[in-house]
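Peer 1: Each chain, letter by letter, is given below.
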Amino acid sequence: MNKISIKRRILNVIFYVLSAIALLLLVTPLVSIFSAVLIEGVKALSWDMFTKLPQPPGSKGGGIANAIQGTLILVSLSSAISIPIGFLAGIFMSEYSENGLSSFLKSITEILSGIPSIIAGLFVFSVVVLPMGTFSALAGALALSVLSIPLIARATESALASVPRDIREAALALGIPRWKAIIWIVVRAASGGIIAGIMLSIARVAGETAPLLFTAFGSQYFAKSLLEPVTALPLVIYVYGSSPWEEWVRLAWGASLLLVITVTMISVIVKERYGK
Amino acid sequence: MKEKIRLEHVDAGFGEKQVLYDINLIIPERKVTVIMGPSGSGKTTLLRLLNRMHEEVRGAWIRGKVFLDGLDIYSLRDPTPVRRRVGMIFQRPNPFPKMSIYENVAIGLKLYGVKDEEFIRQKVREALEAAALWEEVKDELDKPGTALSGGQQQRLCIARALAVEPDVLLMDEPTSALDPISTSKIELLIRSLSKKYTIVLVTHNVQQAARVSDYAGFIHKGRIIEFSLTAEMLTKPKNELTERFISRRALG
Amino acid sequence: MSLGERLFRALTEASSYIILFLVIAIGYSLLLDSLPVFTKFGIWFLFSSEWDPVRQIFGALPAVIGTLETSVLALVMATPVAVGAALFVHEISPAPIMRLFSPIIDALASIPSVIYGLWGLFFLMPLLKEWVMRPLNEALGFIPLFSGSPQGPSILLASVILAIMILPTIASLTLEALKMVPRELVEGALALGATRWEAVRITILPHASESIKASMMLALARALGETMAVTMVIGNTYKLPVSLLEPGVTITSIIANSYTEATSELHISALLALGFILLLISVVVNVISRRLLGRVGHE
Chain A
1 MNKISIKRRI LNVIFYVLSA IALLLLVTPL VSIFSAVLIE GVKALSWDMF TKLPQPPGSK
61 GGGIANAIQG TLILVSLSSA ISIPIGFLAG IFMSEYSENG LSSFLKSITE ILSGIPSIIA
121 GLFVFSVVVL PMGTFSALAG ALALSVLSIP LIARATESAL ASVPRDIREA ALALGIPRWK
181 AIIWIVVRAA SGGIIAGIML SIARVAGETA PLLFTAFGSQ YFAKSLLEPV TALPLVIYVY
241 GSSPWEEWVR LAWGASLLLV ITVTMISVIV KERYGK
Chain B
1 MKEKIRLEHV DAGFGEKQVL YDINLIIPER KVTVIMGPSG SGKTTLLRLL NRMHEEVRGA
61 WIRGKVFLDG LDIYSLRDPT PVRRRVGMIF QRPNPFPKMS IYENVAIGLK LYGVKDEEFI
121 RQKVREALEA AALWEEVKDE LDKPGTALSG GQQQRLCIAR ALAVEPDVLL MDEPTSALDP
181 ISTSKIELLI RSLSKKYTIV LVTHNVQQAA RVSDYAGFIH KGRIIEFSLT AEMLTKPKNE
241 LTERFISRRA LG
Chain C
1 MSLGERLFRA LTEASSYIIL FLVIAIGYSL LLDSLPVFTK FGIWFLFSSE WDPVRQIFGA
61 LPAVIGTLET SVLALVMATP VAVGAALFVH EISPAPIMRL FSPIIDALAS IPSVIYGLWG
121 LFFLMPLLKE WVMRPLNEAL GFIPLFSGSP QGPSILLASV ILAIMILPTI ASLTLEALKM
181 VPRELVEGAL ALGATRWEAV RITILPHASE SIKASMMLAL ARALGETMAV TMVIGNTYKL
241 PVSLLEPGVT ITSIIANSYT EATSELHISA LLALGFILLL ISVVVNVISR RLLGRVGHE
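Protein chains in written order, with the numbering used here: chain A, 1 to 276; chain B, 1 to 252; chain C, 1 to 299.
Bear in mind the hints are in silico, worked out from the structure with no lab data behind them. The beta carbon of each residue, even a glycine, is placed where N, CA and C say it ideally should be. A few of these clues could be false.
As the list claims (entries may be wrong) - With the C-beta cut set under 7 Å, the calculated list includes, among others, these residues of chain C facing chain A:
id, residue
1, Ser2
2, Ile18
3, Ser34
4, Ser110
5, Leu140
6, Leu190
7, Leu192
8, Thr195
9, Gly225
10, Ser258
11, Tyr259
12, Glu261
13, Ser264
14, Gly275
15, Leu280
16, Val284
Said to hold, decoys possible - Sample of chain B residues with no beta-carbon within 12 Å of chain A, all distances over it, derived:
id, residue
17, Gly40
18, Met53
19, Lys65
20, Gly87
21, Tyr112
22, Leu188
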């Protein structure tokens, strides 16, 4: 064996070792985060967590029932706003607009989906919260919608674009008006991708915190109206997690567990059912 | 012979590009008329003029007149009534995804607004029978249409077109994606359907034209070169281009 | 056209123009809201490093620099790890690991930012402080970059968290690019007697480099706008960054941190002006990365 070959072999071994270390560095945080959330979260689990309101700092017990309620409100309301808009916008880009307009609208959608999530919160703060004079669940849901509309539009557009042209032609050739063909035949053919996209966007906004700071704001109580401040699981994680009180930190881990389970379940369901 | 469709001085194309030049053609009722020609000659464009699917392509234009039972179909603003009367079968079988066999056939009527389920069920059965598919699928109507074999899928597409009761069927090389056995089933079907329907078939397969058609048109570079009884064209073509096409294809 | 047709089409058209409207409205409203602070401080808003809500003095420089510093640092740390991992998975590891890789990437990408922050605060921070920051400080404390007394919350911690968060972006796009390299090239190099590393260096990396660059831009865009994780671990001290081991501030962290206390018009205007600056930076970076991605044939 000559000298060059030894040098080359060593370089090759270094490559194997370094890239293996890279993989390890990539996997370790994931394992660490999931086990931290699992272990700390399970410690926090209790019946009270799901049923009670948070206690003042320093005192024992309490729960995050209001945050669970708040997340449900915010996510449902933002879904009610963003699903129809995103879905219909995706249909326009894929089915109705001319090539040039379509690619323009698609790049605008990309731009909106690339905007930092806190900007969505600032925007709604400026155009909804300031004029109305109050933080509110409605404002929070609007901020989340700004984030999910482009996600849903993009998912709908690309799911529809993957339906073969032939299918549309067959539908039109039956004498079915275009809009009915789109709704009942083309959308149905693309339904898997569309539903997957919508579910993933819900999972994404359920975990968003930044857009809620300046809009939903947070609250220690149950929400009674959509026009009042409301809290949510991610807000609880942020506020309680950064607080110096052990009991609150415990609740933050409990909230994290709930959130991670929800998000993971959604993505597992999407993967199992729609292979995305 | 009774006239079903008539084209008068039809030019058509896409944007700058003209595909068809001064087409004058009469398509007889309840016969199989085949349109033959080399690829790129404009066969498919001609076919798609007949149910106004031509205009679904961006930049498409047409001049001249196309009559269906004496009605100028391009004088209508809405193309859907024409398409209901003129069914279309495509090169590749294209059953609607995520729909059962039954739904595939029923969807046309349902979207026309027919509410009577019993009536729809009856029409679905008739269409599947007419498409010679009923016996094979009657026990599995709930299965997805895309689960059928290629040949069955194509017959399903024929049933789908028949269910809405058209007078005319346009077929664009309907067997080009199929195996020989499925092809012969479809050809038999075309023969039997011609008793009730006017059929226009695009093909570049001369033998197929001989087997199924009554009349034949030969199209070359966007112009109709010759139109006559199929038997006549295949045995005694009048034009040299036609003859060359037929002899080359017949041998190949 | 029937009424149904016209109505449906109009609905879809209006919906897609809502997206256009949102993009314009976001830019316009943030710009409008930043006017008070720009009229008061002029261009100096960008170059001043004081932030005192009590005395109503606002300057953006530390936040802007902090944002750029943490993001670039994160990119520098994440790129070799993500590319290395993708290379290992694609070139070396057995097939089962390769199949596990994309679920792992997806899981990493789906964890909410605030949970990264919580984990960073309670798990990564003690570890980093003990094993990285203290030793660095003791050995290299004479260099300003590693000076100070490390307490935990710091620019370095924020950058490491950001790096972990952008790993999936770079790794998944890099893996896509690796898959697109023609196998014959690699096989050919190996057949000629090249080692695995030489084959990678000669055939794969040149082919994938454009995609890797594009993925880095996309990751940079994500890092620039990231809020919660950074806010929770950076310490939020409004000053020009010197040492990596000391607390700092980013555009997003100062905004997130002020949400309970911003009441005066000028203070709010200053926060929205920071938002506007962030919007400009991230749109530019995003557009560039989409261009690059488009060039290498993604999407």
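Peer 1: Each hint needs a verdict: does it hold in this structure or not?
Peer 2: To see whether the hints hold, each was checked on the structure:
no.: 1; hint: Ser2; result: holds, 6 Å
no.: 2; hint: Ile18; result: holds, 6 Å
no.: 3; hint: Ser34; result: violated, 10 Å
no.: 4; hint: Ser110; result: holds, 5 Å
no.: 5; hint: Leu140; result: violated, 22 Å
no.: 6; hint: Leu190; result: violated, 11 Å
no.: 7; hint: Leu192; result: violated, 13 Å
no.: 8; hint: Thr195; result: holds, 4 Å
no.: 9; hint: Gly225; result: holds, 3 Å
no.: 10; hint: Ser258; result: violated, 9 Å
no.: 11; hint: Tyr259; result: holds, 4 Å
no.: 12; hint: Glu261; result: violated, 12 Å
no.: 13; hint: Ser264; result: violated, 13 Å
no.: 14; hint: Gly275; result: holds, 4 Å
no.: 15; hint: Leu280; result: violated, 11 Å
no.: 16; hint: Val284; result: violated, 10 Å
no.: 17; hint: Gly40; result: holds, 19 Å
no.: 18; hint: Met53; result: violated, 6 Å
no.: 19; hint: Lys65; result: holds, 21 Å
no.: 20; hint: Gly87; result: violated, 7 Å
no.: 21; hint: Tyr112; result: violated, 8 Å
no.: 22; hint: Leu188; result: holds, 23 Å
Taken one by one, the earlier hints fail for this structure at numbers 3, 5, 6, 7, 10, 12, 13, 15, 16, 18, 20, 21, listed in ascending order.
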